[in-house]
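Got chain A; can you put chain B on it based on the hints?
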Amino acid sequence: MSPRARTRVTDCTPAQARTRRQQARAFLDVAELVLSEPATQSETHVAAALAVLAAIAATDAICGLRLGRYSRGQDHDSAADLLETVDLPDASLVAKLRKVLAAKDLAHYSARLIAKREAQSMVKNAAALVHAAEQL
Amino acid sequence: MDLRVPLAVVTPTLDAAVLQALAATTAWASGAQVHRMAGTGSVDGVRKVLARLVEQGIVAAQDQPPSTLYVLNRDHVAAEAVVALTRLRQVVIDRITAEVTAWAPPLVHASLFGSFARGEAGAGSDIDILLIPAETATDDAGSGLEAATARLAKDVYRWTGNRAHLVTATVDVVAGMVAAQDPLVESWRADHVHLAGARLLDVLRRAR
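Chains A and B, in that order, give the protein sequences.
End of the first sequence sits at 136 in our numbering; the numbers just go up one at a time, nothing left out.
End of the second sequence sits at 1208 in our numbering; the numbers just go up one at a time, nothing left out.
This is chain A alone, in the form it adopts within the complex:
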């Protein structure tokens, strides 16, 4: 056992963490709604972009509710690092977050449209994080 390097984090009240959880649920709901209907590839891309936002917000909620702090800033890898320090029954959540974050640049900034299967996978991983946040 040795101390870990500090990540850029900020304190968070339970109320703030719950607000992030509500935002995560709202992002996920819209993403799932888009994918449940016949969608154009642009709309599918929007679902993937929302999945990223849902996963990040859910991670903030989990860290906020369990640790009283969450990661801030654009370096979302630090959010995954912080999530890794939370003791959770489902150890696969960090890997799910990292998978979603790996597609963040593509989903938010790229002209290349994300395929439906990839978007579905991202939404599924985000849903696991939102579900975990809602159990806390």
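Don't take every hint at face value.
Covered stretches of chain A (in silico footprint by chain B; criterion: 3 or more residues with CB under 8 angstroms from a CB of chain B, positions within the stretch not fixed) [as the list claims (entries may be wrong)]:
| id | stretch |
| --- | --- |
| 1 | 8-20 |
| 2 | 44-54 |
| 3 | 62-68 |
Over 10 angstroms on every C-beta distance to chain B, these chain A residues come out as not near it, computed from the model [claimed, not checked]:
| id | residue |
| --- | --- |
| 4 | PRO38 |
| 5 | GLN41 |
| 6 | ARG72 |
| 7 | PRO89 |
| 8 | SER92 |
| 9 | LYS99 |
| 10 | ALA102 |
| 11 | ASP105 |
| 12 | LEU113 |
| 13 | ARG117 |
| 14 | GLN120 |
| 15 | SER121 |
| 16 | HIS131 |
Hints in this document: simulated from the structure, not taken from any laboratory.
Ideal Cβ positions, reconstructed from N, Cα and C, are used throughout, including at glycine.
What follows is chain B alone, placed relative to chain A:
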């Protein structure tokens, strides 16, 4: 049972909150950080508890001047039991889920709301449960539901020592509440733990 700190069942002192905080993370934390995570007691009180727990071996300490950092020693023979006690909230969710999903006819939706869903339920709090049965329940199904909800209320009390507060509303009733902008609907929407059936937001969307 204080569902914020289930460990208080066996140790109704600051020790419970400190162990609960340490069990939430695998990272090292200073006394001040543990105090913030515990959300109760004084910093000095938390440090005294930490010193006692270090002596028992369940907490490991490491000097990182000017601080001392602490972590739950997960190799300790008591660690598994401590962590299991911190997860009793999930056990409550799983038991209620198992019960309501076994009901016939199946519920349209079931969830926990109120202080439990917000993570604020103390020893004196009710456990609020929303049950939305099919709107076309026959008399037989209706009496079956009544018996099942009575059984659930008793079970929740036996499992936790907390009273169950059951809100049973058919889809028609929920539709009326949505139309009337009932604040209860907004509280469900804001914080709920899904147990069974369709997602609450889908039920509310269809009820418009």
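These are the hints, each one checked on the structure:
1. For a cut-off of 8 angstroms, the count of residues in the stretch 8-20 of chain A with a CB near a CB of chain B stands at 3, and the three-residue condition holds.
2. For the stretch 44-54 of chain A, the assignment as covered by chain B is violated, since 0 residues bring a beta-carbon within under 8 angstroms of that chain's beta-carbons and 3 are needed.
3. Only residues whose C-beta sits within less than 8 angstroms of a C-beta in chain B count toward coverage, and the stretch 62-68 of chain A has 4 of them, enough to reach three; the restraint holds.
4. Residue-level check passed: PRO38/A sits 18 angstroms from the nearest beta carbon of chain B, beyond 10 angstroms.
5. Listed as a non-interface residue, GLN41/A keeps its Cβ farther than 10 angstroms from every Cβ of chain B; the least gap is roughly 25 angstroms.
6. Against chain B, the non-interface label of ARG72/A holds: every CB pair exceeds 10 angstroms, the least being about 17 angstroms.
7. Against the 10 angstroms criterion, PRO89/A falls within the reach of chain B, whose nearest CB is about 7 angstroms from its own CB.
8. Its beta-carbon lying about 15 angstroms from the closest one in chain B, SER92/A satisfies the requirement of being farther than 10 angstroms from that chain.
9. Consistency note on LYS99/A: stated as away from chain B, and its beta-carbon is indeed over 10 angstroms from all of that chain's, at 21 angstroms minimum.
10. Taking the minimum C-beta to C-beta distance to chain B, about 23 angstroms, the non-interface status of ALA102/A holds against the 10 angstroms cut.
11. With 10 angstroms as the threshold on Cβ separation, the claim that ASP105/A sits away from chain B holds: the shortest Cβ distance comes to roughly 28 angstroms.
12. The non-interface label for LEU113/A is consistent with chain B: the shortest C-beta to C-beta separation is roughly 27 angstroms, beyond 10 angstroms.
13. Once the 10 angstroms rule is applied to beta carbons, ARG117/A is consistent with being away from chain B; the minimum gap is 23 angstroms.
14. Residue placement check: GLN120/A keeps its beta carbon more than 10 angstroms from all beta carbons of chain B (closest about 17 angstroms).
15. With a least beta-carbon separation of about 20 angstroms from chain B, SER121/A lies farther than 10 angstroms from that chain, consistent with its non-interface assignment.
16. Once the 10 angstroms rule is applied to beta carbons, HIS131/A is inconsistent with being away from chain B; the minimum gap is 8 angstroms.
The structure is inconsistent with the numbered hints 2, 7, 16, although it conforms to all the rest.
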